[in-house]
Amino acid sequence: MIPDQPRPPDKITRLRGACFLLAAGLLAAVAARQMLPARWDEPVFPSRSMSRVLRISDYFSGLKHTRADTEIYLFEGREPGGAMLVMGGTHPNEPAGFLTAVLLAENLSVERGRVFVIPRANHSGFTHTEPGEAHPMSFAIPTSAGTRRFRCGCRFTNPLDQWPDPEVYLHHPSGQRLSGPETRNLNRSFPGRADGNFTERLAFAVTALIEREQIDLVMDLHEASPEYPVINAIVAHERAMDVAALANLTLQAEGISFALEPSPQNFHGLTHREIGDATPALAILMESANLMQGRLRGRCDAGLILDGKDPWYLAAARAGLLRVPYDEAGIPLDVRVGRHLAGIRAITDALNFISPDRAISLSGIPTYSEVQQRGVGAFLSPK
Amino acid sequence: MKTLVMVLSLLFAWAAVAEERPFAEPILLTSCGQSADVLMMKTLLARDSLSFEFLPSATAENLPNMGSLLIVLGGSSKGLGAAKISEADEIARVTALTAAAEAAGIPILAAHIGGLNRRGPLSDPFNRLGAEQSSRLVVVKGGDDDGFFAKIAAEKSIPLDTLNTALDVAPLLAEIYHEYPSAEAEKQE
Amino acid sequence: MEGWTLLLMIAALALGVFALRLPTGIALFLSAAAGALIAGHGFPVRHLVEGSILYLDPILLVVTSLFFMGLFERSGALAALNRAAVSALGSRPHVLLALLTLFVMFPGMLTGLTAPCVLTTGAMIAPVLIGAGLSRARAGAFIASAAFFGMVAPPVNIAAMLICSGVDMPYVGFGWPLLLAAVPLALVSSFFIAGKNVRGLADPRLIEQLPPSHFARHGLKLYLPLLLLLGLLFGAKSFPEHIPYVGVPLMFVLAGILGLVTGERVRLTDVANWAIRQALPIVGLLVGIGVFIQILTLTGARGFIVVETLTLPPALLYLGLALLVPLFGGVSAYGSSSVLGVPLLLALLHHNDIMVAAAISLLASVGDFLPPTRLAVILSAPVVNEEPNRILRASLIPILLGILGGVAMILFANPLARLLGLN
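Protein chains in written order, with the numbering used here: chain A, 1 to 383; chain B, 1 to 189; chain C, 1 to 423.
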């Protein structure tokens, strides 16, 4: 099977080989330069009423000096009340979740209770893009003071931080089996563990924050493809169902339609299941529809994130393949961020009604129609 | 917050009206398709003085002493294969339950309150079953844009109410329940 | 526009492979670059490079499994193993043939890839098959077929897992459906391909044709690398709390290095050189596929393929499934199952989801035989020293069985699921 020593290559072969190596090196160098900005955090300008900037490593020192460490913006009201955690960027390829959390941090004012906002929950995932998906690296939002650029990252932790993936990911502690790369999916790693892999340690830190700060309500902001069954949805742990149902009635009255979904009992690792099970917090997740995540999309540029318009999705909608209403108007980022903001308000109001002793009173959050009229950019600092 | 105040005042107003009128109480509240919309209905009912029993998987055995059956239509979609309910089992349960209700002369109200989110291949088998077996049908806009329920209602001569939002279900229910004497009142007679 | 881009990319690929006789990997890269250019993306360096690392993990697996195999053979272990198998079971050729099939499938069951099957266990038994009288083409087809079904067989089927993660369903309950999809079809294929040459396995002259064994000199020590490999694989899976997971490529390297001291003297650099030389065309192919897929996605040609498949009239949908899923699998089985498989599963919700996902994984994996990449065939060509196209022609049976089996599993998904107690 193994031949004897191969013939030494001739001059032309050597020259060709050298050219190939040089070309490959050149391509890699250019690509590396293009990819470098993914390492730099876009600035967030928290509103004046913010009390402090914390870091997730404050809750688990094991994350200090790693790419998992991420900023937490804390807003404290004058009056004592409940505590709420809003997570964006659990999946960095879901821009509406990330941008909603940024917009919240830049506009929020809290009169009663405490609010923690994490815009980049999986910070490592923001530092790369997913091979094969051809996602744009960033998208730009015009504001009155110029354009602000935000990264579109990857659903998974950067393999430079956690690699190799096992063939099968066994979730801890349930033992549930998922595909290998899911081992780098933060929203499959809860409740996490202190001695686990990079992503499990990050999940552990978030769980620790929830426990130490006695968080009453966790909202995890997501997006999904328009062909996916759980879309435009509020997914709630069973203990959070009363709050979610009341909030959904309110949202429906405002003309914003969400599907109310129970967190599946036997699907593990997700925030709404594991945080609800492991801590006293009420855990709720929201989904909006993002074409960039879908497999039916034609366009793959930043414009698709912003306007959500695509001819192939239109064809699919006409063939009845989508789970959301879809027409020529698309599903712009303004709509998706507006939905998340409306959801946050409605859910907080519902919590205040059901648990008045742990009430949280917020102001400064733009309404759904304000976001539609003026665009997301109007609410991003510097104004 | 404004909307919530409006929602709650509507609910309380309905509750006040409800107290004065006889209803076919108690109501057996169940699901057809196991969507979480039944919990929204529970929230609507829980804020009023009507007595109801909430059993998402109610069977014929739960029917005795009930004044009416309220079934909320729509399938659940979270985590295919995760929230595993067998479609066949659910259809068999609801078929048996509605047949028993009909035999016992218990009126059936079917409500579809989830809008477009509760239509499509996951939900429609349940929507059809519940709607066809009902004595009266309530649908929130968006769920009947294609006339799915209107057609069933016309074919089976079922009274159909189309409402703007799930909140409008509350005053309508007050009206509907007024048409039937309460089960307890019937027994006293 | 997207349709034209796709057409152009396919035309450029055909031109590169057939007219210019370029290596398939390079032709894939060039057609991808052409597609990006025509779709108005210029020369998108970032995407070309990002696509090239899409299959980094399988690439490492190919290189290291060849390294392991090279050492295992040169240490004398391979010949010993072959002789032991033939002398133990030569009198019962049908049992031997079935065991050889399962043996080739084995690495695929653990890694979800065809490459380690063909390059390790497949390469191990190639001399036995040829010795038994199978033509080189048929021997190659036998190995490619078993590797293909090994990729589908449980416990690890990456194509099915990718579908699961696309629709958020746990990878649970797949054991029996995948076993059903893989093992019977694998055995039928093997017996068809081997034909009357099965009897050749019972021929007493076979053992004399095999390379001489060094078992007498080194004893059971020869098999230590294989034992270490299995120990690492199963250890990490069975006791994840105690044995850290280092990745299968590193396991191959560690086990291979052990082979330096367990048998005949081998020079490490010779084997490493040989392994890279053998792996290079395959590595080039995998790099090319990654780039091709990235540009298909970037230009929207991927969306075109998916939407055109999904909007086929219902009568044609099953035909589309039977043809388009394997054809896209010809570019990449994983790509096909993730890109076409996920929306197809969502469109076929009235069928049992586990059965459908298992069936689509089977259909997509058929693509490992099909052009432009013909991965399983290309891999087995050097193993049996035969032209890829001849091996492909001899592989008709597993291709047909895979497609028919996949479609049947979808059509009868619900009764099959009831039979297996999946509801």
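In case anyone wonders, no lab produced these hints; they're calculated from the structure.
Take these hints with a grain of salt, some might be off.
[What the hints assert, rightly or not] Examples of chain C residues toward chain A, derived with CB under 7 Å:
1) Ile38
2) Gly42
3) Gly300
4) Val339
[Claimed, not checked] What follows is a list of derived Cβ distance ranges for each label pair:
5) C:Leu37 - B:Glu132: 53 to 61 Å
6) C:Leu268 - A:Asp195: 52 to 60 Å
7) A:Pro80 - B:Ser157: 55 to 63 Å
8) A:Thr13 - C:Leu419: 57 to 65 Å
9) C:Ala14 - A:Arg7: 49 to 57 Å
10) A:Lys11 - C:Glu264: 30 to 38 Å
11) B:Gly147 - A:Ala278: 53 to 61 Å
12) B:Asp146 - A:Trp163: 30 to 38 Å
13) C:Leu419 - B:Asp146: 30 to 38 Å
14) B:Asp146 - A:Asp307: 44 to 52 Å
15) A:Asp307 - C:Val172: 34 to 42 Å
16) C:Leu323 - A:Thr147: 32 to 40 Å
17) C:Leu404 - A:Gly255: 35 to 43 Å
Fair warning: this is a prediction, and the values are worked out from it, not measured in the lab.
In this text, a Cβ means the ideal position worked out from N, Cα and C, and glycines have one as well.
Hints, verified against the model:
{"no.": "1", "hint": "Ile38", "in the structure": "violated (15 Å)"}
{"no.": "2", "hint": "Gly42", "in the structure": "violated (12 Å)"}
{"no.": "3", "hint": "Gly300", "in the structure": "holds (3 Å)"}
{"no.": "4", "hint": "Val339", "in the structure": "holds (5 Å)"}
{"no.": "5", "hint": "C:Leu37 - B:Glu132: 53 to 61 Å", "in the structure": "holds (58 Å)"}
{"no.": "6", "hint": "C:Leu268 - A:Asp195: 52 to 60 Å", "in the structure": "violated (36 Å)"}
{"no.": "7", "hint": "A:Pro80 - B:Ser157: 55 to 63 Å", "in the structure": "holds (59 Å)"}
{"no.": "8", "hint": "A:Thr13 - C:Leu419: 57 to 65 Å", "in the structure": "holds (58 Å)"}
{"no.": "9", "hint": "C:Ala14 - A:Arg7: 49 to 57 Å", "in the structure": "violated (32 Å)"}
{"no.": "10", "hint": "A:Lys11 - C:Glu264: 30 to 38 Å", "in the structure": "holds (35 Å)"}
{"no.": "11", "hint": "B:Gly147 - A:Ala278: 53 to 61 Å", "in the structure": "violated (46 Å)"}
{"no.": "12", "hint": "B:Asp146 - A:Trp163: 30 to 38 Å", "in the structure": "violated (49 Å)"}
{"no.": "13", "hint": "C:Leu419 - B:Asp146: 30 to 38 Å", "in the structure": "holds (37 Å)"}
{"no.": "14", "hint": "B:Asp146 - A:Asp307: 44 to 52 Å", "in the structure": "violated (27 Å)"}
{"no.": "15", "hint": "A:Asp307 - C:Val172: 34 to 42 Å", "in the structure": "holds (39 Å)"}
{"no.": "16", "hint": "C:Leu323 - A:Thr147: 32 to 40 Å", "in the structure": "violated (47 Å)"}
{"no.": "17", "hint": "C:Leu404 - A:Gly255: 35 to 43 Å", "in the structure": "violated (51 Å)"}
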